[in-house]
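Chemist: For the protein sequence lines, the chains are V and Y, in the order given. Numbering-wise, the first sequence is residues 1 to 329 according to our numbering. Numbering-wise, the second sequence is residues 1 to 326 according to our numbering.
If you are wondering where the hints come from, they were derived from the structure by calculation, not from laboratory data. Among these hints, one or two may not hold up.
[Stated by the list, open to error] If we take Cβ atoms under 10 Å as the criterion, some of the chain V residues that face chain Y in the derived model are:
hint : residue
1    : ILE131
2    : LEU176
3    : PHE302
In this text the structure is predicted, and so the values were computed from the model without any measurement. Glycine is no exception: its CB is placed at the ideal position from the N, C-alpha and C atoms.
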Amino acid sequence: MKVERKEERIALKIILYIFRNYSVYVTFFLILIVSGIVSRGIFIRPTNLWAVMLRSSILGLVSLGQMLVVMTGGIDLSVGSLFSLSLTIMALGEFTRINPYIAIILAIGGGTMVGLLNGIIVVTTKIYPFIVTFATMMILESFNLTILGAAAFNFPTIQGALLSIMNFLHLDETILSVALWVIATSVTFFMCRYSTFGHNLYAAGGNEIASVFSGVNIKKVKILSYTCSGFLSALAAVMAAYRLGGTNVGAGSGYQLNSIAAVVVGGVSLYGGVGNPIGVAIGSIVIAMLLNIMNILNVDPFIQNAIQGLIILGYVALSNYLQWLRLER
Amino acid sequence: MNNEKMIRQIRMFLGNFNLVPIYLAFLLLLALTTPEFFNTFNLRSTVTFSSILGFLVLGETIVIITKGIDLSVGSIASLSTVITAALMKFYGKELNNVLIFALCFAISILAGLGIGTINGFFVSYCKVPPFISTLAGLLIGSGFAFFILRGVPTPLAISSFRTIARGNFLIFPIPIPFFSLLIFGITFWYLLSRTSWGKYLYAVGGNEYASFLSGIDTKRIMLSAYQVSGVLAAIGGVMLAALSNAGFPRAAEGYEFRAITAAVIGGVSLSGGEGNLFSALLGIFILTTLGKSIIFWQISPFMEGIFIGSVLLGAMYISVKGKKKR
Numbered sequence: 001m002k003v004e005r006k007e008e009r010i011a012l013k014i015i016l017y018i019f020r021n022y023s024v025y026v027t028f029f030l031i032l033i034v035s036g037i038v039s040r041g042i043f044i045r046p047t048n049l050w051a052v053m054l055r056s057s058i059l060g061l062v063s064l065g066q067m068l069v070v071m072t073g074g075i076d077l078s079v080g081s082l083f084s085l086s087l088t089i090m091a092l093g094e095f096t097r098i099n100p101y102i103a104i105i106l107a108i109g110g111g112t113m114v115g116l117l118n119g120i121i122v123v124t125t126k127i128y129p130f131i132v133t134f135a136t137m138m139i140l141e142s143f144n145l146t147i148l149g150a151a152a153f154n155f156p157t158i159q160g161a162l163l164s165i166m167n168f169l170h171l172d173e174t175i176l177s178v179a180l181w182v183i184a185t186s187v188t189f190f191m192c193r194y195s196t197f198g199h200n201l202y203a204a205g206g207n208e209i210a211s212v213f214s215g216v217n218i219k220k221v222k223i224l225s226y227t228c229s230g231f232l233s234a235l236a237a238v239m240a241a242y243r244l245g246g247t248n249v250g251a252g253s254g255y256q257l258n259s260i261a262a263v264v265v266g267g268v269s270l271y272g273g274v275g276n277p278i279g280v281a282i283g284s285i286v287i288a289m290l291l292n293i294m295n296i297l298n299v300d301p302f303i304q305n306a307i308q309g310l311i312i313l314g315y316v317a318l319s320n321y322l323q324w325l326r327l328e329r
Numbered sequence: 001m002n003n004e005k006m007i008r009q010i011r012m013f014l015g016n017f018n019l020v021p022i023y024l025a026f027l028l029l030l031a032l033t034t035p036e037f038f039n040t041f042n043l044r045s046t047v048t049f050s051s052i053l054g055f056l057v058l059g060e061t062i063v064i065i066t067k068g069i070d071l072s073v074g075s076i077a078s079l080s081t082v083i084t085a086a087l088m089k090f091y092g093k094e095l096n097n098v099l100i101f102a103l104c105f106a107i108s109i110l111a112g113l114g115i116g117t118i119n120g121f122f123v124s125y126c127k128v129p130p131f132i133s134t135l136a137g138l139l140i141g142s143g144f145a146f147f148i149l150r151g152v153p154t155p156l157a158i159s160s161f162r163t164i165a166r167g168n169f170l171i172f173p174i175p176i177p178f179f180s181l182l183i184f185g186i187t188f189w190y191l192l193s194r195t196s197w198g199k200y201l202y203a204v205g206g207n208e209y210a211s212f213l214s215g216i217d218t219k220r221i222m223l224s225a226y227q228v229s230g231v232l233a234a235i236g237g238v239m240l241a242a243l244s245n246a247g248f249p250r251a252a253e254g255y256e257f258r259a260i261t262a263a264v265i266g267g268v269s270l271s272g273g274e275g276n277l278f279s280a281l282l283g284i285f286i287l288t289t290l291g292k293s294i295i296f297w298q299i300s301p302f303m304e305g306i307f308i309g310s311v312l313l314g315a316m317y318i319s320v321k322g323k324k325k326r
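Please build the complete structure, drawing on both the sequences and the hints.
Modeler: Here it is as structure tokens:
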């Protein structure tokens, strides 16, 4: 009797350990297998998986930036509108007929600048990050609406420029964006592991006051993380620009929430200080797979939003519960 | 002695920001730059619209007092405009008008209560950060709002429903929304300042752990705040449907933002535990007046978001600065 209890306890501990530390991978394989079965094999066809990879590479870039911000204990609600902003800048470039390459660089630069601005406002005024980025979101959306109006706008010249870049590199659209995503993720991974900035990032999120006293320049870390988030969202927008071929006001509206979902599923604590870029990358694939499988199963697109909301809630609640279990034992 | 107490009460009534002089100064500026602003129609519509938003502000303020935030009020209001339009479309001919009106309110309130309960449950019992939980609530609300009428803006089938937003209270020239907001405002002011529920709300917002130790059921108090916010947003949504005479899943998109801004202008602290309903309501009147005056200053209405965002950042900055001094 006694032995049984002990064994049960050990088994429970192992399961808990796996779920706590590798929950992303468990979720990933679960969804892969369940989707494959439920969709009767459509989901695991190469063409479909390729489409999922394209989607998750763009989402993954945005989520990576989101992760850097969340690790410092903040949140960036403006990633979606930053994404739209970059597309709007490219549309402006098309409209004013400047060199498309310059327009692309301006789009990335514009996103980075707004990210920098977010960081500076958060650091200097000490307003809650989600209020600052929420305000930025509103301002940017209003800006996009003022420039674009209610109509959709196409930018064939920009598309042509992106195509010629791809031809120059002899790369497919999907391969290029996946490659960029992999590079960005691995750079972030090594940065988090081995660089001072990475260590400071964990320190700032974990215990702000303690890290101030141990000489970490929190302001610099925070500003850098918001700037990176702006840069990565803008980069994702450029990657998506070829596929979209144009923009409208709501172009980036889904990314704000999807990136938070990916970050949460990827095992990053919303209270800061805990996280891993690889987990976030897998998390973005999980979210992209979920969106894809809902489309395959013909789930009403209007209900998809609601389901996504419930999934995020359930996931955060579950991980909080697991955290609580650890404290008890 | 008595005089001092009265002054203190007036001070408390006005909140931290002394909004009344600011509002008066703003109105004076408007009178100097665009006297056209002050026609009866415009004033009436400003008051009506602010009053409807006021319902969202009331709920938002109550949630913020508990150190939370409710991002779902806008989508709950949109959902109720859609529910109202859908009920009238499908049952408008079969049931009599009064019954339909009652049904619109009842079902919208139920929907608001449902989403509020989901928000509150996850915030209080599962320790999910409020803005994540209510962001999910926003998604759930807007998901259903789009689902019910497939995203098509639908005019209300019963035109007499408009009187709820556009009619006068009895014979006085007071719009019904303003009057009902006044009633709700006074009721909630009473609940917040004179009942144990209200005291508990402030206590939970001020220091959750301490209030838990002193025997307050903090989880239920927090849950109730989100539920009240959902219900108030739903009532506001039905009135919005009556005002715009249509149900549209994007009717109140972004209004949660205005509600938060109004509360912050009104001196409600986002770190919880303090705030005054009436100054928050005054905040929404200022904000709506600003939004309207943009059009009179011949600035593109698309740029309203830029103004509101800047006002929010400015007000937050002042509020944070004020916090530090004490």
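Chemist: Take the hints in turn and mark each one as holding or not.
Modeler: Structure-based check of all given hints:
With its C-beta approaching chain Y no nearer than about 6 Å, ILE131 of chain V sits inside the 10 Å limit, and its interface hint holds. The interface hint given for LEU176 of chain V is violated, since its Cβ lies 31 Å from the closest Cβ of chain Y, which is over the 10 Å cut-off. The beta carbon of PHE302 of chain V comes within 4 Å of a beta carbon in chain Y, closer than 10 Å, and the hint placing it at the interface holds.
Figure legend: structure checked against the earlier numbered hints; the only hint not met is number 2.
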